[in-house]
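Colleague: Sequence:
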Amino acid sequence: MIPRNPTRSRGIALIVVMWMLALLTIIIGTFAVLARTEVLQSRFLFDTTDARYAAEAGLHRAVVELRNPDVETRWVADGRPYEFRFGDADVEVRITDETGLIDVNATAQGNPELLIRLFESVGLNAEDAELMTAAIQDWIDADEETRVMGAEDPEYANEGLPYGPANQPFGTVEELQQVIGMSWNLFRSVADSVTVHSGRADFNPAFAPLGVLQTIPDMDEESAQLFMEERSQYHPADQMQLVLPDGTMVNQRGSGLTHTVVSRATLDSGTWNEIEATIRLGTDSRGRPFRIVRWKQNRTESN
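Start counting at 1 in the sequence shown, then tack on 331, and there's your number in this note's numbering.
Worth flagging that the hints you see were computed from the coordinates, not collected in a lab. Any given hint could be a false lead.
Mimicking EDC-like on lysine to aspartate or glutamate, the simulated pairs with C-alpha atoms at most 20 Å apart in a straight line are [stated by the list, open to error]: (1) K627 <-> D381; (2) K627 <-> D484; (3) K627 <-> D523; (4) K627 <-> E553; (5) K627 <-> E605; (6) K627 <-> E476; (7) K627 <-> E607; (8) K627 <-> E403.
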């Protein structure tokens, strides 16, 4: 019988114990990491939900302020920021009256020169701006006749497109992307300047953003910025009159019923949520004081 070596046995036992301790350490560490990850995920989900509801609170606050009977304190829909605290969130709200934008349907039919100036203001030369405007006109008119510089079914087929003009007005701004010649970069350049909701062939400078103001003859970016800074100091309740650089009086009281509201809520933790909603004021069939006609969530440059 071969005698056992007690030293060797103790060494093997020690190695086994060390391996077991190492394994337990790994298991405990893994559980700790998983637990922390779940806590962080839960916290992020909670904060994101909290921020979203705070942003929606900003939208509803905007509706209340737009319907405020006191003209002295009523919010102005020219894009100026309004800030307030809601729970654990700082909320910033900006409102734009859609009458300050260029209605692509009404303008194409009644004032195409304005569309041409819009495209020129974002970098198109005069000929390309006319081509783009004519293509838009052919998209919304009811006939199949190609106007000068325009585009109907044959032109779309020649470009390999599986569709032609809708021959009806645009239902959304995004539909502009289907028009022949409308690149993604061009669409992004004009998207914030156009609407399909005002029904006007012109626009109200009192509510117009920078891109729209630059379509006014002889108004470049610098003068448009200066006008916006001056406008932000005015309120419709003021006795002073807002004037364009060429001396034209601006009507600040003539507002529409359709507005785009951008509401951004930021929690103390840094988590944020932003909504952009185009709303139409007026009680609907369910008794609500407004109707949402367009909605975007956390819009980025890649959208």
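Colleague: Which earlier hints turn out false for this structure, listed by number in ascending order?
Modeller: Hints 2, 4, 6 and 8 not satisfied by this model.
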